[in-house]
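Residue numbers (the working numbering), protein chains in the order written: chain W, 50 to 510; chain V, 50 to 510.
There could be a bad hint or two in this list.
All copies of an identical chain are treated as equivalent in the list; a pair is satisfied when it fits inside any one copy or across any two copies.
[As the list claims (entries may be wrong)] Below, computed lysine to any residue pairings styled on SDA-like, alpha-carbon distance capped at 25 angstroms:
1. Lys-456 - Arg-188
2. Lys-194 - Gln-181
3. Lys-234 - Thr-263
4. Lys-121 - Leu-364
5. Lys-410 - Tyr-89
6. Lys-317 - Tyr-408
7. Lys-494 - Pro-157
8. Lys-410 - Pro-130
9. Lys-166 - Glu-501
10. Lys-194 - Arg-414
11. Lys-162 - Gly-369
12. Lys-194 - Phe-96
13. Lys-234 - Pro-90
14. Lys-194 - Gln-179
15. Lys-234 - Ala-220
16. Lys-194 - Pro-130
17. Lys-121 - Asp-450
18. Lys-234 - Thr-52
19. Lys-142 - Met-50
20. Lys-498 - Asp-363
21. Lys-234 - Ser-209
22. Lys-234 - Asn-74
23. Lys-162 - Asp-373
No lab work stands behind these hints, which were simulated from the structure alone.
There are 2 protein chains.
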Amino acid sequence: MNTTQHYDLLKNLRQRRQKLAGLVNFPTILWSGGRLSRNYPALTYPFRASSHFLYFAGLPLENAAVRLESGKLELFLDDAPLSSTLWHGEMPKRAEIAELIGADAAFPMAELKSRAKGAATVAVQDYLTQLQQSEILDRPLFLAKSPAGIDLELTEAIISLRLCHDAASLAELRQAAAVTVEIHKAGMAATPTARIEADVRAAMESVIISQNMTYAYPSIVTVHGEVLHSEHYHHPLQAGDLLLADVGAETSMGWAADVTRTWPVSGKFSPTQKAIYDLVLAAHDACIARIIPGIEYQDIHLLAARIMASGLVDLGILRGHVEDLVEMDAHALFFVHGIGHLIGLDVHDMEDFGDLAGYEKGRVRSSRFGLGYLRLNRVLQAGMLVSIEPGFYQVPAILNDLEIRYKYQEVVVWERLEKFADVRGIRIEDDILVTEGGREVLTAKLPTKALEIEELVAVNT
Amino acid sequence: MNTTQHYDLLKNLRQRRQKLAGLVNFPTILWSGGRLSRNYPALTYPFRASSHFLYFAGLPLENAAVRLESGKLELFLDDAPLSSTLWHGEMPKRAEIAELIGADAAFPMAELKSRAKGAATVAVQDYLTQLQQSEILDRPLFLAKSPAGIDLELTEAIISLRLCHDAASLAELRQAAAVTVEIHKAGMAATPTARIEADVRAAMESVIISQNMTYAYPSIVTVHGEVLHSEHYHHPLQAGDLLLADVGAETSMGWAADVTRTWPVSGKFSPTQKAIYDLVLAAHDACIARIIPGIEYQDIHLLAARIMASGLVDLGILRGHVEDLVEMDAHALFFVHGIGHLIGLDVHDMEDFGDLAGYEKGRVRSSRFGLGYLRLNRVLQAGMLVSIEPGFYQVPAILNDLEIRYKYQEVVVWERLEKFADVRGIRIEDDILVTEGGREVLTAKLPTKALEIEELVAVNT
């Protein structure tokens with residue numbers, strides 16, 4: 050980070066703290082969390098600071114806390130013991146870190162207890178730090194997804210801030226998006242020489258590693274796109290397969306990107322694959338074009354549902370009137386999830402708050418098959434970053450379910466569907482910033498058109 | 050895994066269970082542990098089953114437990130709910146898994162409590178599962194490094210089994226070693242075109258990913274080898290630098306390799322680098338040659354200390370008699386850690402037991418600077434896998450310490466040392482199996498000689 054960037058970051062950090070002070074009239078303490086043991090205490094998973102801590106503190110400090118009140122920030126952090134120098138090198142001291150993040154004061158952790166009275170907080174993910182939170186606040190802790198009292202007030206304040214991104218967070222999100230574009234190009238380029246899914250994953254994640262970033266979520270790189278969160282990478286790549294890759298980078302400060310592309314292993318979509326791909330792309334493009342401040346995100350989801358239903362009628366897979374099909378969730382037999390979600394410090398931003406962030410106050414998840422998986426149900430505002438990710442999947446657990454087959458027997462043309470057996474899963478996903486004037490696709494440099502995708506796959510053959 | 054391999058694994062798993070039954074006369078319950086949340090509950094770190102569970106169960110099952118008694122194994126595991134099929138695909142059912150691991154019976158988790166009476170256990174690393182262990186056993190839990198009563202008896206029994214590897218574990222360890230050889234070759238080959246350390250790390254870890262393995266420990270890839278466990282990868286690679294890479298693969302069943310090589314960024318060691326490299330290599334080779342059943346591992350460490358001291362005298366960096374220098378820990382100013390450790394399911398095998406595994410009963414860590422970092426202090430037996438990893442480091446925190454400079458003023462030739470400023474850190478590490486006849490270097494296919502290393506680095510230029 051150069052001096053100008055650091056100055057800008059500090060300015061935004063101070064603004065976030067000021068804005069919080071305008072929303073709550075009690076002190077807030079946010080913990081960063083600690084490392085989690087993997088095999089034994091000294092062998093840990095990579096550290097990831099709590100997103101709420103990162104939002105106000107700006108740096109992924111371990112075992113730290115910040116106390117926010119009236120726009121001021123106090124940092125609580127213990128200096129590393131001298132003995133750790135041998136193993137971890139010279140570490141910056143508390144005072145240096147305090148300056149780096151624009152803290153107004155800094156103390157050892159032991160001082161926190163005496164300054165914790167009446168403070169609200171958000172529960173972190175790691176259990177040991179949760180115990181510490183409860184001990185220092187001297188009260189039982191509400192879990193983040195069901196806060197009450199001042200913790201609920203704080204949660205709502207944090208949501209209102211984190212929903213819309215400022216210049217500092219946008220700079221990070223753009224960086225994550227730019228690297229993620231390169232990740233996917235590398236995956237396509239590696240496909241012709243790959244034996245198994247893992248080879249493509251390796252090519253994609255090596256871009257992340259060489260950028261000193263991490264993945265924002267476990268990479269999905271699979272010829273079984275119908276398994277939505279597949280974590281298997283052992284399947285061989287075969288000529289007729291589609292490869293679905295949902296991989297995104299996270300910057301060192303914690304900001305995410307979330308992108309999916311689906312490409313043909315052979316470098317050439319089959320006619321059936323191309324037909325479905327173009328349909329998903331039509332939904333993708335139409336949904337993005339509809340993004341503008343003031344629109345209901347659920348309406349964008351329903352637009353995708355109508356386009357998918359209509360296209361599947363044109364392809365002879367569904368029959369009936371589009372509005373009726375959507376009404377009875379027939380589109381959701383194939384487009385089995387929501388059109389997208391918030392993106393920020395978390396790939397599903399603030400999902401630790403359950404639906405408090407994703408759903409406008411007073412709204413709850415629908416019990417409808419075709420709406421219940423929607424993660425975001427708000428009026429879009431400038432500064433929000435959302436994913437748009439329509440898809441088509443043939444999930445055996447859904448399509449072979451006898452009850453479902455019976456319910457939809459009149460509208461699904463099963464014998465026609467069989468012709469599309471080589472389309473197990475397709476998803477096309479980009480990250481879109483809501484702007485005053487409409488939208489900006491942060492991942493626009495990654496092609497979506499079938500022909501361009503084919504060219505990127507074939508580049509190495 | 051083919052049928053023969055599976056048959057061999059089952060045979061070994063049954064033998065492990067039988068052997069345990071010969072050592073303890075109470076039931077044992079081992080938990081696998083659960084996933085740990087990263088940002089929010091659904092976004093987790095990659096799952097890693099407890100090593101002790103893996104040793105007896107053979108598969109990395111999540112949220113499972115096994116009960117061992119009289120050589121029989123009962124599996125406790127809940128089937129995944131039907132709703133998870135959409136996200137994770139079809140999962141094998143409890144009965145299938147029970148057959149796969151040769152369980153004698155299988156139950157849902159809810160049954161465990163009724164079969165937990167009088168059982169010993171080992172505390173897992175994740176805190177939520179620890180709470181479950183305590184709740185089900187209906188007693189406070191001893192931490193793994195300080196067990197008591199039947200938990201201590203169990204710990205000692207597990208140590209006696211895991212110290213020496215059987216055919217099934219050796220097959221895995223050989224696989225980890227073979228992949229790790231390729232990892233390092235890839236790192237050397239990537240160096241000439243790398244900008245920063247992260248580029249080399251990316252090339253190395255992409256070999257791990259494409260093999261569907263994970264890293265056995267956080268990779269160290271650094272031009273600051275003097276920081277022993279550096280987790281930074283942002284430094285540019287410059288012509289005069291040495292790059293130290295300590296990277297090892299872990300198989301999908303959890304078995305580790307641990308290898309370090311140090312190579313010149315330019316493809317050519319400087320004369321000073323070559324001199325120290327050859328000295329470290331001489332220690333490495335001599336220590337490996339000394340491995341044989343019956344020898345004290347600490348004597349191998351002291352052999353390395355003498356060779357390092359003697360070589361540093363020859364180079365004019367130390368002065369005095371070798372035995373005196375070792376006696377006063379002068380070698381440890383530069384060779385700042387132990388000669389190695391056990392390797393198995395953990396890269397520092399069974400380090401969750403503290404020194405109970407690494408140190409023969411009745412032995413404790415030395416308070417001597419030159420011995421206190423030794424992780425293994427046992428008589429070697431056939432079947433043990435150990436690392437041999439001598440090194441030379443110029444750690445500022447040690448060499449600039451005024452007390453240390455004063456204490457060693459007569460034996461360190463500081464002005465001579467200054468000539469070796471381009472040698473910040475060198476380590477050469479291999480994995481050696483103790484055999485009946487002596488030893489087998491599992492990682493022998495990775496060259497160690499300076500000339501061969503230079504050739505592997507230069508291969509791409």
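Checked hints:
1. In this assembly of identical chains, Lys-456 and Arg-188 lie within 25 angstroms of each other by CA distance neither inside one copy nor across copies; the values are 51 angstroms within and 52 angstroms between.
2. For a Cα distance limit of 25 angstroms, the shortest separation of Lys-194 from Gln-181 qualifies both inside one copy, at 19 angstroms, and across copies, at 22 angstroms.
3. Both within a single protomer and between protomers do Lys-234 and Thr-263 lie at most 25 angstroms apart by alpha-carbon distance, with minima of 17 angstroms and 24 angstroms respectively.
4. For the identical chains of this complex, Lys-121 and Leu-364 are neighbours neither inside a copy (60 angstroms) nor across copies (57 angstroms), given an alpha-carbon limit of 25 angstroms.
5. In this homomeric assembly, Lys-410 and Tyr-89 come within 25 angstroms of each other (Cα to Cα) only across copies, at 21 angstroms, whereas the closest approach inside a single copy is 43 angstroms.
6. Proximity of Lys-317 and Tyr-408 under a CA criterion of 25 angstroms is satisfied in neither setting, with 40 angstroms inside one chain copy and 60 angstroms between copies.
7. Proximity of Lys-494 to Pro-157 under the C-alpha cut-off of 25 angstroms is found in neither arrangement, the shortest distances being 46 angstroms within a copy and 50 angstroms between copies.
8. Taking the closest pair of Cα atoms, Lys-410 and Pro-130 never come within 25 angstroms of each other, the shortest separation being 46 angstroms inside a single copy and 30 angstroms across copies.
9. For a Cα distance limit of 25 angstroms, the shortest separation of Lys-166 from Glu-501 qualifies neither inside one copy, at 59 angstroms, nor across copies, at 64 angstroms.
10. Taking identical chains as interchangeable, the C-alpha atoms of Lys-194 and Arg-414 lie at most 25 angstroms apart only when both belong to the same chain, with a minimum of 14 angstroms there against 47 angstroms between chains.
11. Taking CA atoms no more than 25 angstroms apart as the test, Lys-162 paired with Gly-369 passes in neither setting, with 65 angstroms inside one copy and 54 angstroms between copies.
12. In this assembly of identical chains, Lys-194 and Phe-96 lie within 25 angstroms of each other by CA distance both inside one copy and across copies; the values are 22 angstroms within and 23 angstroms between.
13. Neither within a single protomer nor between protomers do Lys-234 and Pro-90 lie at most 25 angstroms apart by alpha-carbon distance, with minima of 38 angstroms and 30 angstroms respectively.
14. With identical chains, the CA atoms of Lys-194 and Gln-179 are at most 25 angstroms apart both within one copy (14 angstroms) and between copies (23 angstroms).
15. Taking the closest pair of Cα atoms, Lys-234 and Ala-220 come within 25 angstroms of each other only inside a single copy of the chain (22 angstroms); across copies the shortest separation is 37 angstroms, beyond that limit.
16. Proximity of Lys-194 and Pro-130 under a CA criterion of 25 angstroms is satisfied inter-copy only: 22 angstroms between copies versus 36 angstroms inside one chain copy.
17. Within a single copy, Lys-121 and Asp-450 get their C-alpha atoms no closer than 57 angstroms, and across copies no closer than 39 angstroms, so neither meets the 25 angstroms cut-off.
18. In this assembly of identical chains, Lys-234 and Thr-52 lie within 25 angstroms of each other by CA distance neither inside one copy nor across copies; the values are 32 angstroms within and 39 angstroms between.
19. When the C-alpha separation of Lys-142 and Met-50 is checked against a cutoff of 25 angstroms, the pair qualifies only within one copy, where the shortest distance is 19 angstroms, while the shortest distance between copies is 51 angstroms.
20. With identical chains, the CA atoms of Lys-498 and Asp-363 are at most 25 angstroms apart within one copy only, with a shortest distance of 20 angstroms there and 67 angstroms across copies.
21. Taking the shortest Cα distances, Lys-234 and Ser-209 never come within 25 angstroms of each other, neither inside one copy (35 angstroms) nor across copies (50 angstroms).
22. Taking the closest pair of Cα atoms, Lys-234 and Asn-74 never come within 25 angstroms of each other, the shortest separation being 48 angstroms inside a single copy and 59 angstroms across copies.
23. For the identical chains of this complex, Lys-162 and Asp-373 are neighbours neither inside a copy (60 angstroms) nor across copies (51 angstroms), given an alpha-carbon limit of 25 angstroms.
Consistency note: the structure conflicts with the earlier hints numbered 1, 4, 6, 7, 8, 9, 11, 13, 17, 18, 21, 22, 23.
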